[in-house]
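K.L.:
Sequence:
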Amino acid sequence: MASPAIAKPVESIQTQKISNNEWRFTSKSHTYDRALRNIQNRIHNLEFDGWKFPAFDQSNSSTDSHLDRYEDGKYENKQITLVYRTKVTQAPHVAETAAPTTDELNCTKKEEELRLKERELKLQECSAELVQREIEVQKRNVALAQLEIELLERKAELIKRENEAKHRLAKEMSRAKEAKDVKHKSRTRTREKNPSDSTLMQSEQSMTEIDLEASSTRDF
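According to this note's numbering, the sequence shown holds residues 1 to 220 in order.
Derived from the structure by calculation, the hints contain no laboratory data. All the pointers check out, no bait thrown in.
Computed list of lysine-lysine pairs in DSS-like fashion (alpha-carbon distance at most 25 Å, straight line):
| id | residue 1 | residue 2 |
| --- | --- | --- |
| 1 | Lys171 | Lys160 |
| 2 | Lys17 | Lys28 |
| 3 | Lys109 | Lys122 |
| 4 | Lys166 | Lys177 |
| 5 | Lys52 | Lys17 |
| 6 | Lys185 | Lys171 |
| 7 | Lys166 | Lys155 |
| 8 | Lys166 | Lys180 |
| 9 | Lys28 | Lys52 |
| 10 | Lys28 | Lys78 |
| 11 | Lys171 | Lys183 |
| 12 | Lys110 | Lys122 |
| 13 | Lys52 | Lys87 |
| 14 | Lys17 | Lys87 |
| 15 | Lys87 | Lys28 |
Between beta-carbon pairs, the in silico distance windows are:
| id | residue 1 | residue 2 | range |
| --- | --- | --- | --- |
| 16 | Ile18 | Asn41 | 19 to 25 Å |
| 17 | Leu152 | Ala176 | 34 to 40 Å |
| 18 | Gln40 | Ala91 | 17 to 23 Å |
| 19 | His44 | Asn21 | 15 to 21 Å |
| 20 | His44 | His66 | 22 to 28 Å |
| 21 | His167 | Glu129 | 53 to 59 Å |
| 22 | Lys185 | Glu164 | 28 to 34 Å |
| 23 | Ile18 | Leu105 | 34 to 40 Å |
| 24 | Thr102 | Asn20 | 28 to 34 Å |
| 25 | Thr190 | His167 | 31 to 37 Å |
| 26 | Ala179 | Ala145 | 50 to 56 Å |
| 27 | Lys117 | Ala145 | 40 to 46 Å |
| 28 | Arg37 | Leu123 | 56 to 62 Å |
Model, not experiment: these values are computed from the prediction. Every residue gets a Cβ at the ideal spot worked out from N, C-alpha and C, and that includes glycine.
Start from the sequences and build out the full structure, keeping to the hints where you can.
P.N.:
As structure tokens, this is what we get:
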């Protein structure tokens with residue numbers, strides 16, 4: 001008769017919450033160390049969720065060993081059941097507290113009012129700082145506008161002086177032209193009234209030249 005196949009041991013871990021702070025772990029495996037490791041891994045996973053457990057205490061555990069034998073006695077299946085009970089030291093949820101007293105409520109209310117006043121003061125300080133900055137900006141804008149006005153006034157003064165100089169130059173040129181025209185008209189009228197003046201002047205000039213030549217001859 002062929003020997004039956006060796007059955008694999010049952011591998012399991014169960015978690016039971018007995019009360020709000022007491023837990024029980026039941027681990028089944030083929031060795032004690034493996035059953036203990038399964039419990040420790042489960043506790044480690046629970047601690048990730050916020051539960052806190054004390055160190056493993058073997059006195060809080062119980063072990064049951066079960067051995068399955070087959071008919072020919074050559075094959076056996078050892079089953080270890082480890083039960084461990086422990087209390088948590090910290091739960092992930094906030095513990096319930098007693099209702100606050102009137103004094104505690106009043107104190108909390110005053111603290112809240114104080115915080116609100118502090119926030120209000122900070123807002124007022126920020127607002128005052130913003131107003132001060134705005135005033136400084138307005139002052140700078142006024143100063144810039146004043147400089148711009150001064151520049152425009154200087155430019156207007158320069159344009160005025162330039163126009164006055166052009167006006168004076170135009171007057172002087174006009175007067176010079178008028179004087180030239182008057183002189184020219186006067187000469188023209190003189191020539192028209194005394195047409196022989198030019199001939200007389202030429203004759204006087206010729207006579208003067210002759211006298212100069214004669215004088216030079218005598219001196220020689």
